[in-house]
Amino acid sequence: MKKAGTYLLMTAMALFASCERDFDIALKNNQSQLIVEAYINNELPYYNYVVLGHSQGYFEPGFENIPVTGAMVTITEGMLQANNMYNWDQTSKRQLKEGRLAPFNDQFLPGVYFDPLLITDPANALKGIPGKHYLLEIEAEGKKYSAITTLLPPVPIDSVTSGFHYLDEDEDTTQMKARLTVHYKDPDTIGNTQLYYWSTYDSRENFGWGAMGTNRFTPGVDDLVNGEYIHLTLSNGFALGDSVDYYLANVERKVYNFWDSFNKARSNAGPFSTPVRLLNTINGDNVIGCFSGFSLSTKSLIVQ
Amino acid sequence: MKVEKPDSKRTGFLLFVFLILTSQNIYSQNHTLNIKVLDSVLLPVSNATIKINQKERLADTAGMITTILPRGRCRIVVSAVGHSNATKLFLLSNDTSVVVYLRARESLLQHVIVTGSRNILRNQMSVHSLEMVQIQKLPVVLGEVDPMKIITLLPGIKNGGEASAGIYVRGGGPDQNLVLLDGIPVYNPNHLLGFFSVFNGDAVKNIEVIKGGMPAEYGGRLSSVISVNTRDGNKDSIKFGGGIGLISSRLSLEGPLIKRRASFIINARRTYIDQVARLIVPDSIGSNGYYFYDINAKTDFVINNKNALYLTFYTGKDKFTFFDDDANGPRREFDAIWGNTIVGLTWKQQFRKWRHELSFVRNDFTLNSKVAFSSNGFIFSSGLIDHTVKDDWAYTPANWIRWKGGLQYTWHKFRPGAGSANAGFQEFEAQIKDQYAREAAGYLSADVDIITRLNLVAGLRYSYFNQVGPTEQVIYGPSGAPTGEIASFKRGQSIARYQYPEPRINLLYKLPQVASLKLSYTRTIQYLHLATTSAATFPSDLWVPASRLIKPGIAEQVAAGFFKNFGNGRYEASIETYYKTMNNQLEFKPGARLLLNQNLEGEMVFGSGKAYGLELFVQKKTGKLNGWIGYTLSRAERTFTEMNEGKPFPYRYDRTHDISVVANYALGKRWEVSTVFVYGTGNALTMPTGRFVYNLGYNVRDQEPIFSNISQYSKINDYRMPAYHRVDIAFTFTPRPRSIRFKSNWVFSLYNVYNRHNPYFIYIDADEDIRSIKGKQVFLFPILPGITWNFKF
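Residue numbers (the UniProt record's numbering), protein chains in the order written: chain A, 1 to 304; chain B, 1 to 793.
Keep in mind the hints are simulated off the structure, nothing from the lab. Here the structure is a predicted model, which is why all the values come from computation and not from measurement. Mixed in with the good hints, there may be bad ones.
[As the list claims (entries may be wrong)] Rough simulated footprint, nothing fancy, chain A against chain B, three-plus residues with beta-carbon under 8 Å:
#1 683-689
#2 693-704
#3 711-720
#4 773-786
For every residue, glycine included, the Cβ atom is placed at its ideal position computed from N, Cα and C.
The task is simple: from the sequences and hints, build the whole structure.
In structure tokens, the structure reads:
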């Protein structure tokens, strides 16, 4: 709808011979913030990591992450007690460190913290358990930060099917593609929120949640479809014969809200735009980010 | 000048209730004189100035006035913009109704002499009236005459920028204007994202804007009343007219249904914007399509001297079709059709000292849209339906006091949204429950000449709003997650109820030498809010009712002004100052989801606002050169606990300086030139102060990071766009008529004469691939010619 609205505007603007030109925008000075991107999930131990970075002035050069190195990062498992207080199991506390990992091609990635057991004893590396709560603690540049997330029970995927074929024509190639439909039953309790990710044969060598496929326009709340049997077809196309790993992540509302704000913030320009601020689930001064607990269920398929 | 001493009866205004009871007897030897002013084709002449035995009075928009006079000789002189003066002499020996006919002038070139001093005499401050005959001469973009755009050339009334939908009056929001078409509220007064209004210039007779001192008969909006009145049909003969422009054509047909007693008029307009755009930029437009049409119709039937019926009808639709062929998938189609349909029936009555109007109105705004790709379909619809009954009375028991009273009741039905899909995509049927509300108001106001020089219009409006069932509401927790509880309400069961008194006071003190001082205080309440997040009007914008969480908006405004005419009435000047506070103001969280959102209230934040300013207005009304200069110095700000760390921030449309100059000049018998200059401080914007990367991943094979750049923000609306200014010019050529019946004119216009690149929006383009960050400005209208041919026969 929003896209169509933009095109409606474009129609009007085209009519009026609108023009665009470079323009010197003098922005106010920026106060640098700590940026936290942290994950815990129940299926992919390599995908349990924390990225720390800094924000920068808008017109400063450089686009990559400005890493915050040498920080003390820990994740502790715990339970929520009847009195609504958390009981953190100190024996479960894992310190995450920067280092070299095989999926990273053994490169050193500054500012990316993961469980060192992934190198020495992958079978016992940090892995989330549905129903448990997790405490993230960070000590960086003399300041302390913390966040809590919960791994909800996974929502089982019944099946993922392919269909709605179409011919995808771009400048160089013409390829038959299909869309995927995920079939699952939304839990009877209202208020469930889900995120959808996938990796394909081509992208399987990539690493990190940012390298996963996802659809940022698909809402994952059940406010209007609570308890219904869902057949959700995403608009993304998949090449026939491709093998796909499909992940359905059941997440807390605050995690969903964060990623919802992220999706809005990253596609935000033009007269329809509003200055979307990324939400924050991290406690501490001058910090923004999210500790995301992803309770995953997975299906793999060959696109037919 | 001699000042009349306060009459003991008049100064007894403080006991006016007593006086009302006695006033009939006090003036029982006098007679009622009803005057109606019509033009040569029996159409009412609005806002005429009537001099009765040397005392000036003002007729209303229907060209009517009621006065009480002692028995004896009576001399009335009537004048009005665009008409020759008329004089009538007669002996008043009993209650009398008089019709005065004014001859319409063909062109403003002949320069009407308006002897009246309407702005001095009328106890209504902060008001501007424009006749369509004035508006039609002004230069407009692509020759499309639009009264809603022209009023933004008046002080205190601003648009949001080029082609912006909203009208912002004294710091208020765009949903705070009561836009009326023949007295009927119009909820979506825009076509094409606000590039054009729904008002066809051919159908409009005049437009009046009240931006302060709102009379008690108006309510339901905080900031202003924008009243658009349409023309009555010709009662003598069939007339056909129209116009051909660059992007639209218009046709009108009018004539008598019963000669000299009943008439009809139909105006229709249809655009061909997409066809024109396709010629200019075929690649960008492709097979997408857009057009709008609207039809205005009106019939009036004068039953007898005392009774008349009026039927107003409007329907307009925007139709948009969009095909998406991007690489993300196959052909996707989006269809939307939206618009208003309005029907109003009014019965007007006139007795000796009473006037009465009873109106029934149905107002329907509907949006239907469909998204389809391959075999899938997704339908979204929303809307609002109103049924209103209005009963207004005016009573003139004596010359020094005039009463108005009335009752209004509206039944609102809100359709916040419904969606369904037939296969794939998201297979579900979802409906956000309809909502219902009752809105009612009663008012009483007295227009009292306390002494000859001092007039008071004091009114009290009492409004009531009740959101009722049947509906179901999902209960949400503070995090925005549903609690699992659903509140069900039976038909008619009260959900939220509000009621407020709304006092309205206007004070006028006439000074010597054609000048006056005016003072006003108003309190206004608004029970409906427009849910929109963008500056452009999008058809998915929703009107939502006050509820348990959404409190009604409350505004209070005080205004004071000095009004002066000089040059024997050729010049009008005024200076006004105002201070306005607004409570329970509503904003949406950035990126709020409005469509199919059961928890719309969870996307809202609530705060307050204030606005203050100074407005100067000088108008030269007659002569070869006429026009006006308006200047506004103002400040508008908002305060929201959850925004800007709770500190006040400038309203997006806060405009420190706003200047408009409008001039018409007669070049000869056949040619006229009009020019407009506008200047305004740039809009306030929230711009990013920094950026960071998020959602990291790695392409291991290419050893490239994958990420998104996210903007970091600091203060709200802390950045100013460049100032807006431009000059437009239009030449009107009126050829010698080919016959007595056939008349036409050509309007050649040039918009943005010096090709100023006024920013429509600005943004920062950060391209990670080429490692470039640049500020970009998009501007809409370069220098644009326009040509329109208007004809009538």
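Comparing the hints with the structure gives:
Counting residues of the segment 683-689 of chain B whose beta carbon lies closer than 8 Å to any beta carbon of chain A gives 4, which reaches the threshold of three, so the coverage claim holds. Coverage of the segment 693-704 of chain B by chain A holds in this model, with 10 residues showing a Cβ closer than 8 Å to a Cβ of that chain against a need of three. For the segment 711-720 of chain B, the stated coverage by chain A holds: 8 residues have a C-beta nearer than 8 Å to a C-beta of that chain, and at least 3 were required. With 11 residues carrying a beta carbon less than 8 Å from a beta carbon of chain A, the segment 773-786 of chain B meets the three-residue requirement, and the given coverage holds.
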